[in-house]
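Asker: Listed below are the residues making up each chain.
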Amino acid sequence: MAEDSVLLAAVSLLSAAQQAYFAKQVGNARMKYKVIPPSVTGSPEFERIFRAQQNSIEFYPLFLVVLWTTGLFFNQEIASIFGLVYLLSRYKYFHGYADSAKGRLSGFKIGTVTLLILISLSVGGITNCIIDKYFDLNIAKKISKLFL
Amino acid sequence: MAEDSVLLAAVSLLSAAQQAYFAKQVGNARMKYKVIPPSVTGSPEFERIFRAQQNSIEFYPLFLVVLWTTGLFFNQEIASIFGLVYLLSRYKYFHGYADSAKGRLSGFKIGTVTLLILISLSVGGITNCIIDKYFDLNIAKKISKLFL
Amino acid sequence: MAEDSVLLAAVSLLSAAQQAYFAKQVGNARMKYKVIPPSVTGSPEFERIFRAQQNSIEFYPLFLVVLWTTGLFFNQEIASIFGLVYLLSRYKYFHGYADSAKGRLSGFKIGTVTLLILISLSVGGITNCIIDKYFDLNIAKKISKLFL
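Chains as they are written, first to last, in our numbering: chain W, 1 to 148; chain A, 1 to 148; chain X, 1 to 148.
Think of the hints as simulated: they come from the structure by calculation, not from any bench.
Fair warning: there could be bad hints in the mix.
Heads up, the list lumps identical chains together, so a pair's fine if it works in one copy or across two of them.
[Stated by the list, open to error] Computed list of lysine-lysine pairs in DSBU-like fashion (alpha-carbon distance at most 35 Å, straight line):
hint : residue 1 : residue 2
1    : Lys24     : Lys102
2    : Lys133    : Lys92
3    : Lys24     : Lys133
4    : Lys142    : Lys32
5    : Lys92     : Lys32
6    : Lys34     : Lys102
7    : Lys92     : Lys34
8    : Lys92     : Lys145
9    : Lys109    : Lys92
Only a predicted model underlies this, so the values are computations on that prediction, with no experimental measurement involved.
Next comes chain W alone, as it looks inside the complex (with noise of 0.2 Å):
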């Protein structure tokens, strides 16, 4: 099972990195705009960065299981290079948040964009394989042997 998994191993784990790198952020914040914990409002700065974290929060575990059931089920090579323009799309979008509200929005659809393109693949790896399991018909396999 490593060998199969080890790029959404490599880029889950670069996500957590990046979602560490959000929460120091958060900290570092706290500390420049005088947010005293447990509050979280008072400075519009440290709000938007508190914000752009929270969202950031919000999507990772449905942003890791789009990941590894694409990596699974569809092809690991293709959902790790989307994995990868995802985490770019939300440092895009959490230091354009930081700058002002409107600055989210570029990274925002990237990642949206990304995230579709994992569900609908994931969609079709794992269609195939329940069909394979369940009806016995590898419906990728008969199509590749149409090129064949």
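Add chains A and X to chain W, keeping to what the hints say.
Answerer: Chains A and X in isolation, oriented as in the chain W frame:
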């Protein structure tokens, strides 16, 4: 490995789509009730929808953990059925909460009971597997032999 | 696969139970300090407990990722031990934060160090596995051969 977990993957993917759906509802509510980012307060309607989503996010990794531990160590089909029940309960919770604070309760209770069942099943499955691995004793097999 | 990950599954299940426990504490604090849903402010005691839970949620998927990548690519037993240390540090953090904002610090530091150790171990394990897969070179085996 793929065949042993394809139903778990399908339920996980469905749950990821549900999380995306909840996030979209919050985005729509932002527009409708004019709550400008990064603010998350100002309209009771928006606040209920936002809290409903936040609560669903809080329970999401927990749900994924018990879905997969039950599926891998107890039974994939049973885990998937309870997984679907949980997703329905969350749907009920979300829209109930959007209507009124009280409206969240019935969906929440069904969800909590479902999680408790999944936790119990995975405790059983994992305990049996640990005893089997470290003490060379498979209780589930012994019990089923009693009846043969 | 099941036997190679049963301890990781057990620690994950324990961590899921801990998340449920934290959520229950917030529910109890809502009643005690009369903070009516969907509000999350109004009492400093409630706000500290709520933030303690929120912070634990933020770090939870990150924790699961490094627990499993360390366990699958480095060593299951070592990953599980550090996983348990992390859960203890979170317990300390939660109850420390409930007492006072300053009380969160010691638990948080232990947790952060534990996460950094898990990240380092999985970077090692994953790097070795990638080099082995794509460059046909297993460094861990070579090093262990030097000593035989």
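Asker: Does each hint fit the structure? Answer for all of them.
Answerer: These are the hints, each one checked on the structure:
In this assembly of identical chains, Lys24 and Lys102 lie within 35 Å of each other by CA distance both inside one copy and across copies; the values are 23 Å within and 18 Å between. Within a single copy, Lys133 and Lys92 get their C-alpha atoms only as close as 41 Å, which misses the 35 Å cut-off; across copies the closest is 32 Å, which meets it. When the C-alpha separation of Lys24 and Lys133 is checked against a cutoff of 35 Å, the pair qualifies only between copies, where the shortest distance is 34 Å, while the shortest distance within a copy is 45 Å. With identical chains, the CA atoms of Lys142 and Lys32 are never at most 35 Å apart, being 60 Å at best within one copy and 48 Å at best between copies.
Both within a single protomer and between protomers do Lys92 and Lys32 lie at most 35 Å apart by alpha-carbon distance, with minima of 21 Å and 27 Å respectively. Proximity of Lys34 and Lys102 under a CA criterion of 35 Å is satisfied in both settings, with 24 Å inside one chain copy and 15 Å between copies. Taking identical chains as interchangeable, the C-alpha atoms of Lys92 and Lys34 lie at most 35 Å apart whether they share a chain (25 Å) or sit on different chains (25 Å). Taking CA atoms no more than 35 Å apart as the test, Lys92 paired with Lys145 passes in neither setting, with 42 Å inside one copy and 45 Å between copies.
In this homomeric assembly, Lys109 and Lys92 come within 35 Å of each other (Cα to Cα) both inside a single copy, at 11 Å, and across copies, at 29 Å.
Comparing the model with each numbered hint stated earlier shows that hints 4 and 8 do not hold.
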